[in-house]
Structure formats: C-alpha cells, structure tokens
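S.K.: Those protein sequences? They're chains U and A, same order as listed.
One point on numbering: in our numbering, the residue at position 43 of the first sequence is 43, and numbering is uninterrupted.
Count along the second sequence starting at 1, add 274, and that's the number in our numbering.
Hint data in this document are derived by calculation from the structure and do not stem from the laboratory.
Just so we're clear, the structure is a prediction, and the values are computed from it rather than from any experiment.
Don't be surprised by glycine CBs; every beta carbon is placed ideally from N, CA and C.
Among the hints, erroneous ones may be present.
For lysine to aspartate or glutamate, the following DMTMM-like pairs were computed, each having C-alpha atoms within a straight-line distance of at most 20 Å [as the list claims (entries may be wrong)]:
no., chain 1, residue 1, chain 2, residue 2
1, U, K148, U, E190
2, U, K216, U, E173
3, U, K92, U, E32
4, U, K92, A, D410
5, U, K92, A, D450
6, U, K175, U, E32
Pairwise CB distance ranges, derived in the manner of DEER restraints [claimed, not checked]:
no., chain 1, residue 1, chain 2, residue 2, range
7, U, S78, A, T369, 56 to 66 Å
8, U, H110, A, L422, 15 to 25 Å
9, A, N432, U, P188, 22 to 32 Å
10, A, F543, U, A81, 41 to 51 Å
11, A, P554, U, H110, 41 to 51 Å
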Amino acid sequence: MKSSQTILTLRGVTRRFGGLVAVNKLSIEVKEASIHGLIGPNGAGKSTAFDLISGLTSADAGEIIFRGEIVTHRAPESRVAAGICRTFQTPKLFDEMSVLDVVATGRHLHNALGLWGSMFSIARKRAEEARTISAAREFLTTVGLGAKADAPVADLSYGERRLVEIARALATEPKLLLLDEVTSGLNPVETASVGELLRELVRLGLTIMLVEHDMKFVMGLCDDITVMNYGSVIAQGSPGEIVQNPDVVAAYLGSPRDGQRSRRSLRADAPACP
Amino acid sequence: MNFSLQLLSGLAVGCIYSLVAVGFSMVYRAMGLVNFAQGDLMMIGAFIGYSIIVNLPGLPFWLVVPLAAAITACLGYAVAQSALWPAMQRGASQTYLVLLTLGIGIILSNGARLVWGANPLVYPIPLTHETLRIWDYPVPAVYPFIALTMVALIAGLNVLFTRTWIGLSLRAAADDAQTASVMGVNHRLASAISFALAAGIGAAAGVLYAPITFVSADMGMIGIKAFAAAVLGSLGSIPGSVIGGFVIGIGETLGGQLVSSEYQDSLAFLLMIGILLIKPTGLMGRKG
Chain U
1 MKSSQTILTL RGVTRRFGGL VAVNKLSIEV KEASIHGLIG PNGAGKSTAF DLISGLTSAD
61 AGEIIFRGEI VTHRAPESRV AAGICRTFQT PKLFDEMSVL DVVATGRHLH NALGLWGSMF
121 SIARKRAEEA RTISAAREFL TTVGLGAKAD APVADLSYGE RRLVEIARAL ATEPKLLLLD
181 EVTSGLNPVE TASVGELLRE LVRLGLTIML VEHDMKFVMG LCDDITVMNY GSVIAQGSPG
241 EIVQNPDVVA AYLGSPRDGQ RSRRSLRADA PACP
Chain A
275 MNFSLQLLSG LAVGCIYSLV AVGFSMVYRA MGLVNFAQGD LMMIGAFIGY SIIVNLPGLP
335 FWLVVPLAAA ITACLGYAVA QSALWPAMQR GASQTYLVLL TLGIGIILSN GARLVWGANP
395 LVYPIPLTHE TLRIWDYPVP AVYPFIALTM VALIAGLNVL FTRTWIGLSL RAAADDAQTA
455 SVMGVNHRLA SAISFALAAG IGAAAGVLYA PITFVSADMG MIGIKAFAAA VLGSLGSIPG
515 SVIGGFVIGI GETLGGQLVS SEYQDSLAFL LMIGILLIKP TGLMGRKG
C-alpha cells in the first residue's frame with residue numbers, strides 16, 4: 001500500500017547558534033505516507049530540526065527539498081502553502097480565542113478570496129466565512145473535540161490543548177505534519193487515541209514526522225526512525241534496527257555495558273531520557 | 275444646565291479620544307510599538323476630509339468619513355510597509371521606534387502645512403455651525419453624528435475581529451506572530467493592515483472632530499492625550515482605550531469647568547497619573 005516516494009529530503013542541513021552547532025549535517029529522507037520518528041536525548045537538536053523544516057529558523061548550510069522543490073530559505077507561510085505544518089513542544093494556541101476560532105486560523109490560506117478580496121465582496125465573503133467555520137468544526141470533530149468548539153481555549157486541559165493544536169495544523173490541510181512531543185502531558189488513554197488518529201491520517205495519505213520521548217509510542221507507530229545526539233545523526237532505520245543499535249543504547253543510557261537492560265527499556269514505556 | 279452641556283461636550287470629545295486611542299492599541303498589539311504618529315494621521319484625515327468637501331461639494335458628510343478614512347488607511351499602509359517594517363525587521367530598539375514614529379509624525383505635520391497652508395481651516399459645511407436643541411439646550415448638531423459614527427466604527431471593528439476570517443488572522447498574528455506564520459499568516463502584511471486600519475480609524479476621528487474645532491497642522495497634538503487615554507485603559511486593550519478616551523474627555527471638560535478651562539490639558543494628565551497610581555496596569559489591566 002505504502003508508496004516509497006520521498007516527500008522530504010534534508011541534505012547536510014546545519015544550524016549554528018553562536019558557537020553551538022545545534023544541528024550538524026543532518027540528512028534525512030522521509031517517505032510519503034509514512035511516520036518518521038526523530039528521537040534523541042534532550043538538546044539533541046530535534047526541535048531545531050523541526051524549526052528548520054517549518055521555516056522558523058534558517059539553515060546555515062545544506063538543503064531542504066520538499067516534494068521536489070528546494071524550500072531551504074523560504075518563509076514559514078510559504079512552506080505552509082506548500083504543505084508543511086507543525087505543532088509545538090508546548091502547545092501554542094492563541095489564548096484569547098475560542099477553540100473553534102483557533103482551529104479556524106488554520107484555514108487562513110484556504111480562504112478563496114484572499115486578504116484583499118475579502119475586504120470588498122461582502123456576499124461571497126459571507127459564504128466563505130461560513131465555509132471556514134464549518135471546515136474548522138470538522139477538523140475539531142476529527143480530533144474528538146467537537147463538543148468544546150465554543151469554549152475559550154484558556155479553559156482547556158493540557159491534553160485538550162494538544163488536540164486543538166493538532167486540529168489547527170490539520171486545518172491547513174498539510175501533506176507533511178510535524179508533531180513535536182505530541183504525547184507529553186497526555187494520559188495513556190489519550191495517547192492511545194492520538195496513535196489511532198495518526199495511523200488513520202497516514203492511511204489517508206498524510207506524512208508525519210514525530211519528535212517524541214515516549215519510546216513505546218515511537219516504536220509502535222513509526223515506519224522509520226532517525227536518532228540524533230549532540231546535533232548529529234547517530235542511527236537511522238526501522239524501529240527493529242534502532243532498538244538493536246549499540247550507539248543508540250549508549251546515547252540514551254550512557255552505559256554501553258549494560259546493553260541487555262537498556263534494550264528492554266527502549267522497548268518498554270520507561271522514560272527514555274535520564 | 276451648564277453641567278449637562280459640558281457633559282455632552284465631554285462625551286463628544288471622549289469619542290474622538292477613544293477612536294484615536296483605539297488606533298494606539300491596535301498598532302501596539304499588532305506591531306509591539308507605540309505609534310506617536312497616530313495623532314498626525316488623524317490630522318491628515320481631517321485635512322483630506324477638508325479637501326474632499328471642497329472638491330466634491332455635493333457629497334453628503336457621512337460619506338466624507340469613510341472616504342477620508344480609506345485614503346488615510348492607504349497612507350498608513352505605505353508608512354508601515356516602507357518605514358516601520360524594515361526598521362522592525364532589522365531589530366530596531368524601542369527607543370529607535372519611538373523616534374521613528376515621532377519623526378513620521380513631524381513629517382506628516384510639516385507636509386500638511388505645505389499642502390494645506392499654515393492657517394487653521396474650518397469645514398465649509400452647515401454642520402459646523404448648526405445646533406440642535408436637546409432638553410432645551412443648544413447642542414452642536416455634529417454631536418449625535420460623532421456618537422453614532424463612533425459606535426458604528428467600534429461595532430464594526432468588533433465584528434471584524436471576532437466574526438471574520440481576516441480579523442482572526444490579524445489577531446493571531448498580533449498574539450503570536452511566529453505561530454501564526456506556521457498557519458500561513460504573513461506577519462508583514464498583517465502588521466501593515468492593522469496599521470492601515472488604525473490610521474483609517476484615526477482619520478475618521480479627525481473628520482468627526484473637525485466641525486467642533488479648527489483643522490490645523492498641529493491638531494495632531496491631541497494624539498498625546500489619546501495616548502494617555504490608551505495607557506489609562508491599558509495599552510493594547512480596545513475596550514480599555516474606549517473607556518480611557520471617555521474618562522479623559524469627560525474628566526478634562528468637567529474638571530476644566532470646575533477649575534478653569536486653561537488647565538484642561540493638565541487635568542487630563544493629572545487624571546491619568548492618579549488612576550495609574552492606583553491601578554498601574556490600567557483600567558483593563560490584568561493582575562500584577
């Protein structure tokens with residue numbers, strides 16, 4: 001079923017902050033309609049990698065190719081238009097809005113009238129606003145929060161805020177969705193249902209990249225995994241290959257001798273970060 | 275009797291301060307800067323209104339307001355795109371941005387003197403001199419017009435920001451530009467549109483203010499009082515700016531009546547200082 005076509009290629013992507021090399025010659029190939037995990041200890045450069053892919057920070061060297069186009073230095077809004085959307089490690093909603101309005105902001109580029117058109121054509125504008133809201137409602141239902149549409153986002157629980165952020169990202173109708181620690185702060189039931197949702201989305205053709213600390217979640221869900229440490233890639237492969245990799249085990253637990261136990265805790269739901 | 279008359283006049287002036295203060299708050303939220311040219315944009319709006327009245331004598335006055343607002347909004351858009359955004363993009367400090375907007379204000383004021391002359395002008399329309407009788411008191415006929423337009427503008431802004439897609443995007447960009455950009459909102463465009471809207475509202479205030487005063491190049495001075503109104507109501511809060519405008523407008527008029535109208539301006543600021551001493555974050559400020 002799964003196509004092996006590459007949707008995103010990072011080639012030698014490097015980002016320095018002063019003397020610190022946050023991301024060092026990062027090369028990744030992400031296959032279309034797959035889930036690609038990006039894991040590694042804290043400070044490994046995973047979130048910076050997401051910033052580079054989504055355009056919030058610009059690469060000092062290397063190339064980012066998305067669906068055959070070089071997007072390395074494009075502005076974030078142009079990458080959204082191309083089909084890349086993301087969530088944040090700590091959900092970043094617009095705190096004075098209602099849940100529905102937050103999700104509706106994700107429809108920004110899907111408004112057929114555009115910024116100027118909507119100022120002038122009142123009749124078409126009204127139809128367009130209605131379409132925006134009903135689309136937002138649909139995406140909210142997708143993540144199971146349809147009932148909370150009119151609540152202020154400030155009233156939501158942490159887990160619900162994450163789901164709203166996913167709904168908002170989905171509302172942009174991305175081809176590639178970057179999820180930064182999507183399960184952190186979720187209870188096991190919520191985590192399981194997010195896993196189900198992601199599987200379903202991938203079945204529909206979406207490509208997902210995950211930065212994740214929950215090893216059970218990553219190993220159970222991902223088709224491919226890239227492991228980073230100190231900004232560089234230390235391993236790439238299928239979940240099965242990753243758990244066997246001695247470098248990965250060492251990076252996570254800092255004790256290469258105790259390989260047996262480490263492997264087990266990589267598989268189990270023990271927190272990966274010391 | 276005199277008291278009610280003064281109250282009405284305070285309300286009318288309060289409407290004007292409110293509208294200009296709303297402009298301060300909108301720009302502050304969208305761009306994180308205090309636009310000291312806001313008062314001068316209001317002045318430009320009043321002059322553009324004058325030119326419209328002189329050149330299109332048949333045009334009803336209620337049409338002059340949106341027309342002058344639209345033209346001034348275009349000017350505001352150009353200012354934001356050509357001067358403010360490039361400065362912000364290069365990481366200009368607040369000190370620099372304050373000087374930049376003050377400078378833009380001075381250029382606008384001198385430019386107006388160049389185009390419209392140094393003598394104060396009076397709108398050549400009957401509304402300038404007409405009076406109504408309310409409860410048997412003579413009241414300038416423009417007062418209800420000011421009140422209605424002000425209410426319509428604020429209601430319109432409220433609909434724009436809460437009910438429309440473009441308003442949502444503007445709010446998103448003002449709240450968190452980076453996150454909004456990941457939703458496809460262009461920060462530069464959103465900032466420029468917010469600035470243009472604020473300029474347009476300021477211009478509407480200028481056209482409304484003109485019939486009860488003179489139109490002159492230093493009319494923008496009331497921008498300082500409107501700024502005080504915005505701070506008083508918590509800079510960045512639109513309801514706060516409206517309330518602040520009325521507090522300053524009514525306070526200075528009634529206070530001027532009690533003490534002496536020469537001290538009106540000082541009273542306005544005394545009021546601001548007093549309120550901020552009691553509530554340092556402004557009337558609509560959050561705790562802290």
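S.K.: Given the hint that K92 (chain U) pairs with D450 (chain A), does the C-alpha gap stay at or below 20 Å?
M.R.: Holds, at roughly 8 Å.
S.K.: Checking one constraint from the list: CA of K216 (chain U) to CA of E173 (chain U), max 20 Å. Satisfied?
M.R.: 28 Å, violated
S.K.: Run the distance test for K148 (chain U) versus E190 (chain U): straight-line Cα separation, threshold 20 Å.
M.R.: With a Cα-Cα distance of about 16 Å, the restraint between K148 (chain U) and E190 (chain U) holds, given a limit of 20 Å.
S.K.: Holds or violated: K92 (chain U) and D410 (chain A), Cα atoms, limit 20 Å.
M.R.: 57 Å, violated
S.K.: The hint says 56 to 66 Å between S78 (chain U) and T369 (chain A); measuring C-beta to C-beta, is that right?
M.R.: Since S78 (chain U) and T369 (chain A) have Cβ atoms about 33 Å apart, the given range 56 to 66 Å is violated.
S.K.: Does the hinted range 15 to 25 Å hold for H110 (chain U) and L422 (chain A) at CB?
M.R.: 37 Å, violated
S.K.: Given a hint of 41 to 51 Å, does the C-beta separation of P554 (chain A) and H110 (chain U) actually sit inside it?
M.R.: 43 Å, holds
S.K.: Quick one: are F543 (chain A) and A81 (chain U) within 41 to 51 Å, going by C-beta?
M.R.: Holds, at about 49 Å.
S.K.: Verify the proposed pairing of K175 (chain U) with E32 (chain U), using a straight-line Cα cut of 20 Å.
M.R.: Measuring from Cα to Cα gives roughly 9 Å; hence the hint holds.
S.K.: Keeping to a limit of 20 Å between CA atoms, is the pair of K92 (chain U) and E32 (chain U) held or broken?
M.R.: 27 Å, violated
S.K.: Would you say the C-beta atoms of N432 (chain A) and P188 (chain U) sit inside 22 to 32 Å of each other?
M.R.: Given range 22 to 32 Å: violated, Cβ gap about 43 Å.
Violated hints, in rising order: 2, 3, 4, 7, 8 and 9; the structure is consistent with all others.
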